[in-house]
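Following the hints, complete the assembly by docking chain B onto the known chain A.
Residue numbers (my numbering), protein chains in the order written: chain A, 1 to 253; chain B, 254 to 503.
No lab work stands behind these hints, which were simulated from the structure alone. Wrong hints could be hidden among the right ones.
Quick list of the computed label-pair ranges, beta carbon to beta carbon [as the list claims (entries may be wrong)]:
no., chain 1, residue 1, chain 2, residue 2, range
1, B, Leu260, A, Arg114, 38 to 48 Å
2, B, Lys272, A, Lys228, 36 to 46 Å
3, B, Thr470, A, Ser46, 14 to 24 Å
4, B, Leu496, A, Lys121, 47 to 57 Å
Which bits of chain B does chain A cover? Going by a derived footprint, with three or more residues having C-beta under 8 Å, they are [said to hold, decoys possible]:
no., stretch
5, 363-371
6, 376-385
From the three backbone atoms N, C-alpha and C, an ideal C-beta is built for every residue, glycine too.
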Amino acid sequence: MSESEQDRKAVVIFDDVSKSFGDLVILDNLSLKLYDGENLVILGKSGAGKSVLIKCLVGLIKPDAGKITVLGRDMMNLTEEELNEVRVQIGFSFQGSALYDSMTIYENLAFPLRRTDSKIKEDEIEARVRERLEEVGLLKTINQVPAELSGGMKKRIGIARTLILNPKIMLYDEPTAGLDPETAADINDLILQVHKVHKTSAIIITHDLSCAHATADRIVGLFDGHNKIEGTYDALRNNPPEELMSFFDYIKI
Amino acid sequence: MKVKSALVQVADGSLFLAKIFRHIFKPPLEIKEIINQAYKMGVKSLFLISFTSFLAGIVFTKQSQPSLASFGAESWLPSLVSQAVVRSLGPLITGLICAGKLGSNIGAELGSMRVTEQIDAMEVSASRPFSYLVVSRVLATTLVLPILVVYADVISLFGSFVMVNTFRSTSLLLYLGEVVDSVTFLDINASMIKAALFGFAIGCIGGYHGYNASNGTTGVGKAANTAVVASMLSIFIIDLIMLQFLNFFR
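Here chain B stands alone, though its shape is the one from the complex:
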C-alpha cells in the first residue's frame, strides 16, 4: 500500500512539474508578481544569509589554516577558501537556508490558502491561481537564489578575509587578487546554475505540498514540514548530480 501511495505521489508530482513547465512557456507570465515575490523572498532571507555566510567563512578558514600551515602552505588559504566557497559552500548554505525559510513559507502560505478555500475561490472566479500562486513563486525562487548565492559568496569571503587577517596581516586588495586568480568562470557559472536549480526545486516542492494541502490546520503544518525536508534532500541530490556532471568539464 505504501509503495502504491509513493508511486501515486511520484506520478502526481510529475504532472505538477509538467503543469509548471506548461505555464512557464504559455504567456502571459506574471511578471509583476514574480518580481514582488522575488523581492520579498530576497529581503526576508538577507539577514540570515549574511549571518550564516559570514560565520561559515570564518569557521572554514579557521579550520583549514592549521592543515595548510603544517605543509607550510598557509599562503594558499585565500585560494582554498574561495574555491570551496564559490564551488560548494556558498550555494549549499544559501540553498539550505532558503529551503528552510522559503520552502516552509511557500508550503504554509499556499497550504493555508488551500484549506481556507482561497485557492478554490480564485479558481471559480477564473483567476488562474496556479499561474499566479505557484508558477510565480517557482520563477521567483529560481531567480532569487543565484543572486543570494553571489551575495553569500561575497560575505563568506569577507568573513574569511577577517579570519586570515588574524593569522597574518594582509590587505583586502591582495586577498581579493588571490581569490580572483583561483576562481574560474566555470566555477562561477556552475555555481549560478546550481543555485538556480536549487531555487527551482525549492519553489516546485513548496508549491506542490502547499497547493495540494488538505485536512485543515494539520495539513498546513504537514505541507510546510514536508516542503522543508524534501527541499533539503533535493538540494543534496542536485549538488551531487552537478558535481558528477561538472567533472566532465574539469
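So here's chain A without its partners, still in its complex pose:
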C-alpha cells in the first residue's frame, strides 16, 4: 500500500471476510478497503461473488467469518436500529433497479423519506423528489409507474431513489448490465456526476470493462473469492494480469 493510500481515510473495510453457500466458497478471506471519495470498481466474472460482497456490506447477507467496518461501525455487531442508522448513509443501486412496481415514480422516491423520517413534511418530500428526478433528467416520469419505463430509465430512477437519503457511500450492482452502449455510457456519466455533485465514495460492481474504464479511480479484480488484482485501469490495461486477459481481449475485438 502506498503512503498516500495509508493517509486516506477508509470508509469501508473488509477484513478477512469469508462466505460460503453449502460447499461453494464465494468469498475466501477477502480483505479490501474503499477510501473516502474514491470510485472503486470491483471487476469479475459472473458468479465471482461481487454482488455477495456488497450484500454483505449492507447486512443483507451475513458473512461466515471476518469483519466489515462501514463509516467506523462494525457491521457484524449492530442492533437492527444501529444497522438502519448506517444503512441510511449507504445508497444501493440494484442490478434490476428494484423499483416498487405498485407505486408511481413519485411514491418510489418518497417512500424511503417517509419511512426514515416520520416528521418530514409533504412539501419537503415533493421538493426533494423533484430535485432528484431533475438530477437524473427524468422529472417527466414523476407520475408514471415503473412498468411504463425502459431499462435505462429504470436504472436512472433507481439511482435517484438511492440519492434521496443523501448517502455518503454508493453501491452500484452491475449498473450497465443489459443496456445498449449509448444508454450504458449515459449511466457511466451519471455515476461520475453523482460522485462529483454528492461527493460520494462508491463501489461499482461490474464485468463491463467500458464501465470500469469510465468510472474507476481504482480497480479490484475478484477471482476465486479473493481480490487478486488491484490497480488503475491504465496500469491493468498496459500490463494485464492473466485473469484479466480475456476481458481486455474482448475489448480489442
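Same frame as chain A, but now just chain B:
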C-alpha cells in the same frame, strides 16, 4: 433429510411468528397501511363471499328441510340453520375463501417483491419492510376476517330465508326473530374469535411464504400455492381446536 428440513422450517416459522409479535407490540404500528390493506382485502373478497354464502345458505336449508320435515320439526329450520351458519358454516366458508384469495395474493405479492429485490431495496434504505409489508397484512387479515364473517352470516341467513320461503310462507321479521332466539352471545363471540384467528393464520402463512420466496418466478408460484394450501389446513386445525375449547363453555 426431509425430517431435518421440516424441523428447520418449523423453527424458521416460529422465529417468523415471534418477529411478528415483536413488531405488533413495538410501536409505531403502520395504521395507514393496515387500513389500506384491510380495505383492499375486504373489497376484493366481497363478491365471492356474497355469492358463496348466499348459495351455502340455500343449499344447507334445502338439504336440512327433508330431515326436519320427517320429524315434523320443519319449524326448527331457521333455528338449525342460524346455529350452523353462525357457529361453523359462516366462519369456515369465509376462512376458506380468504385463504384462497388473500393467502395467494399475499404470498404472490410478497414473493414477487422478494425475487425482484424490492424487499432488499426497502431493507437497505432502512425502510423497515417487515413491519410495512408483513405485519400490516397480518393485522389487516386479522381485522377484516371477523367483519367478512358477519357479512357472510347475514348473506347466508338471507339465502336460507329465501329457501324457507319456498317451503312455507314466512315473514322476514318472524324468521329473524327465530334466528335471534336461537343464537347466543357465546356463539357470536366464538365465531368472531375464530374468524380473527383464521385471519391471523392466513396473514402469517401468506407473509411467511411470500417474504421468504426464492428461485425467481417458480418461487413466486410456489409461495402462492403453499400459502393457500397451508392456510386452508390451518383453518381446519383452528376450527377443530376452537370446537374442543368451546365445549368447556357449552
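Results of checking the hints against the structure:
1. Leu260/B <-> Arg114/A: 38 to 48 Å: 40 Å, holds
2. Lys272/B <-> Lys228/A: 36 to 46 Å: Given a distance of about 40 Å, which is inside 36 to 46 Å, the answer is holds.
3. Thr470/B <-> Ser46/A: 14 to 24 Å: Given a distance of about 20 Å, which is inside 14 to 24 Å, the answer is holds.
4. Leu496/B <-> Lys121/A: 47 to 57 Å: With Cβ atoms ~53 Å apart, the hint holds.
5. 363-371: Holds: 4 residues of the stretch 363-371 of chain B have a Cβ under 8 Å from chain A.
6. 376-385: Per the Cβ count (7), the hint holds.
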